[in-house]
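S.K.: The hints should help you fit chain W onto chain H, whose structure is shown.
Residue numbers (my numbering), protein chains in the order written: chain H, 43 to 127; chain W, 69 to 346.
In case anyone wonders, no lab produced these hints; they're calculated from the structure.
Among these hints, one or two may not hold up.
[Stated by the list, open to error] List of simulated lysine-lysine pairs, PhoX-like, C-alpha gap at most 20 Å: (1) K161(W) <-> K77(H); (2) K236(W) <-> K77(H); (3) K77(H) <-> K162(W); (4) K293(W) <-> K304(W); (5) K293(W) <-> K203(W).
Each chain, written out:
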Amino acid sequence: MSQAIVDVPKAANVSQRHSSAATIRGATDEPTWVKYLLITTTIGFLTLFLFVPLVAVFVEAFRKGVGAYFASFSIHRPLQRSSLR
Amino acid sequence: MSQFRKYSVLPGFNLTLGYTVLYLSLIVLVPLSALFIKSAGMGFEQFWETVSNPRVVASYRLTFGASLLAATINVFFGFIVAWSLVRYRFPGKKLVDAMVDLPFALPTAVSGIALTAIYSQNGWIGQFLEPLGIKAAFSPLGIVIALTFIGLPFVVRTLQPAIEDLHKENEEAAASLGANRLLTLRYVILPAVMPALLTGFAMAFARALGEYGSVVFISGNMPMKTEITSLLIITKLEQYDTAGATAIALVMLVASFVLLFAINILQWWSGQRQRGVA
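This is chain H alone, in the form it adopts within the complex:
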């Protein structure tokens, strides 16, 4: 009886050593490479379209320093047409 209990963990170890990356895939799961591709596409697409503009807003706002940022709220500052073109 105790023999069987000792044997089982050893057997489990053997199978674990053979299949470390190829764990059992459920029937409703995609192949792992597809999963990674989709996640990469998601993060890449959202970084390009969401994060970069968000970061750009902050960087451009504080480009001339925090002082200039707060000074831009002053109504006495002459209106500058920022040359985006």
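M.R.: The following block gives chain W in isolation, referenced to the frame of chain H:
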């Protein structure tokens, strides 16, 4: 008539129906009918002349084309994003999920300026595109980029609940019958989320059609080349040509109605097909 007024346990049908009709009339019908009335005052000859002006036609082509393209890009990538957010776990997932709402939160002028700064010639991304000869800012490409940005949350947020509601048993049944994931995607998953896909597409398309704030900066507003219809309407209004402005707007309104009606029919048809598959 008696079939109309079926007995319902919920009280207040007359009152709520009356309020609904009044509210919708005031907010939707009266302003839209003003469009028709103002344009009718022009006479057909002048209406046609205003609307078939080459500059106006170019703006129609640009606006509808760019909006269609942006909505299609959003549907394709939005599905991937929604699928990843619902089905997979990855680092930063919660942050990414919250960020999808960013285009809703950013004022359109802010997003327009940010995108222009990024894609202009010395911009963060524009500086890499310029040697390749790709002009992102002040071109139709820039307009498509801006419209993709603002339409993104519509598709993702519409698809997320639909993917969450998918029954895993159907996918398991397909797998047990020998389908690989690609077949399952095509015959089980996509038909089930098709109504949500179409709704997201319609909303992103409609939003892109009317978008003004984020597009005027990045488009450059060159007549015949990168002028969107919203800008033309404003230009006409600034010249006090209200009738001309409403004429242009009326054509957009009718075209939008036709397209949204077509999408509605598609949704209904796709829903009918689903009904057969309990």
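S.K.: State for each hint whether it applies.
M.R.: Results for each hint:
| no. | hint | result |
| --- | --- | --- |
| 1 | K161(W) <-> K77(H) | holds, 14 Å |
| 2 | K236(W) <-> K77(H) | holds, 17 Å |
| 3 | K77(H) <-> K162(W) | holds, 18 Å |
| 4 | K293(W) <-> K304(W) | holds, 18 Å |
| 5 | K293(W) <-> K203(W) | holds, 13 Å |
When the structure is compared with the earlier hints, no violation turns up for any of them.
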